[in-house]
Amino acid sequence: MSTIIPFGPQHPVLPEPLHLKITLKDEIVTEAIPMLGYVHRGLETLVSLKDVDQMVQVVERVCGICSCIHAHTYCMCVEGILGIEVPQRAEFLRIIWSELHRMHSHLLWLGLLADAFGMESLFMHCWRIRERVMDVMEATAGNRVIISVNKVGGVRRDLSADQIRWIRQVIDELEAELDKIKPVLTNDYTVKKRTVGVGVLTKEQAYELGAVGPVLRGSGVAQDARMTGYGAYKYVDFEPVVETDGDSWARTMVRFRELYQAIDIVRQLINKLPDGEISVKVKAAKPEGEIVCRSEQPRGELMYYVKGNGSKFLERVRIRTPTFANVPPLLAMLPGIEMADVPVVALSIDPCISCTER
Amino acid sequence: MGFFKNLVETSRVKSPWIVHFDCGSCNGCDIEVLACLTPLYDVERFGILNIGNPKHADILIVSGTVNYRNAKALRNVYDQMPEPRAVIAIGACGTSGGIFRDAYNVVGGVDKVIPVDVYVPGCPAKPEAIIDGVVLALAKLKERRSTKDTDALAEELHKAREFYANREDRKVVE
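Top to bottom, those sequences are chains A and B. Just so you know, the first sequence maps onto residues 1 to 358 in this note's numbering. Just so you know, the second sequence maps onto residues 1001 to 1174 in this note's numbering.
Honestly, the hints are just simulated from the structure, not real lab data. All values reported here derive from a predicted model rather than from experimental measurement. One or more hints might be untrue.
To be verified - Covered stretches of chain A (chain B as the covering partner; in silico rule of three or more C-beta atoms under 8 Å from a C-beta of chain B):
1) 33-47
2) 60-68
3) 115-129
Every residue gets a Cβ at the ideal spot worked out from N, C-alpha and C, and that includes glycine.
In isolation and in its complexed conformation, chain A is listed as follows:
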């Protein structure tokens, strides 16, 4: 006999309304069906009401956690159609803020995962460390979460020499703090018990189902949109982080090692930061043509399709977000595990429902 249990939309583990209909046989999950639409707002149609510049603020609010990268990708698209060369300093600054976003997103997620398997102290530590990153955002951009630094043609704010010195000091401290929680994540019995061997996604499955980001890299596929060298990534030396086990543990470790990678990238960018202008003037942009841009969010690959028809309003903006790609792999991970493990496995893909549904 099988039972159907609703997981969500209002669930203590998830800050967001993800709704899964889970079919159980005794305690074992046999099937999971996602029910979406709780956060759908219809953002893409706002393109007919907001002009090219105003859309930057709209796409930032697709997802509050990785807002900077959304705005960056959108600006790359519009600049690509208009043929604008962004100043080099602006490219560097954009990536510095993007990597800071990656740090805060991964720390936030680590905390939520720890909370999902009941390790409250690790949750608190991760969020305590994260507040350092938020301080940097607030000091450099004026807001904690949605920082709105990108605009078509460059960035709105510059970093002073003092701020750069301070950021360098903060990321050094961050690295020391991460070293302190590293033994908890890598050796602790509780963490291993709940994550090792749970929610396995093989390399073939990950590839076939079109997983992206840490889910794909946790299954042993070395694919990272940052390697295409958009923005200032072409000036930075780094390798995609790969783990081969494909379980929740592997995905956790990918994200944890990416924190170190993000710190390293910010350090390299700060060392190489060129002088110069931070934006070029774009007057009454009327893009005509279409373009596709890819970038790497904390959750995986993000794709923007932008089409302009020569007026100040764009004709179409299509956003393909990483969680949208990671839902089918999640549904492949769930069958065969116990009901009590569902929250941990669901969180291990780092779901961002507001991205998915827009």
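Dock chain B against the given chain A, drawing on the hints supplied.
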């Protein structure tokens, strides 16, 4: 009776339990609500607890716009909460629909579906502002004393006290 009534009312305001519901938020306000619980802001030191069950909660925090699908879920969560209750709408979207107001699947602010007591502006609202909003909501909660639920709870406590006072095994044997 009066003593128990005061006890219930005082403890409710001294230690409010909060349930957080995410309507169509972009996550910005949600993570700021969560940040209130973490070491830097740490509202638990004031006895404010975040819980998952609306039936345990005194205050409902709603972030984000209401859309046609989650309006029913929001109404459902609100209806399950016991009296007296207060509702806080977080962020520009929660108060009016914000930047999404013109989108086709957006009904508008939270007050289109349920009555709202406190509006916290900001995009996203800062943790300090959210804590301030909770404090304002507590003042409203305090005004709503002496409702049916409080009376019933106080009466139950009173009965329990009588019961234990009159129990045979508790009487001192001389």
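Results of checking the hints against the structure:
With 9 residues having a Cβ less than 8 Å from any Cβ of chain B, the segment 33-47 of chain A passes the three-residue criterion, so the hint holds. Interface restraint, the segment 60-68 of chain A with chain B: holds (6 residues with C-beta to C-beta distance below 8 Å; minimum three). Coverage of the segment 115-129 of chain A by chain B holds in this model, with 4 residues showing a Cβ closer than 8 Å to a Cβ of that chain against a need of three.
This entry satisfies every hint, going by the numbered hints stated previously.
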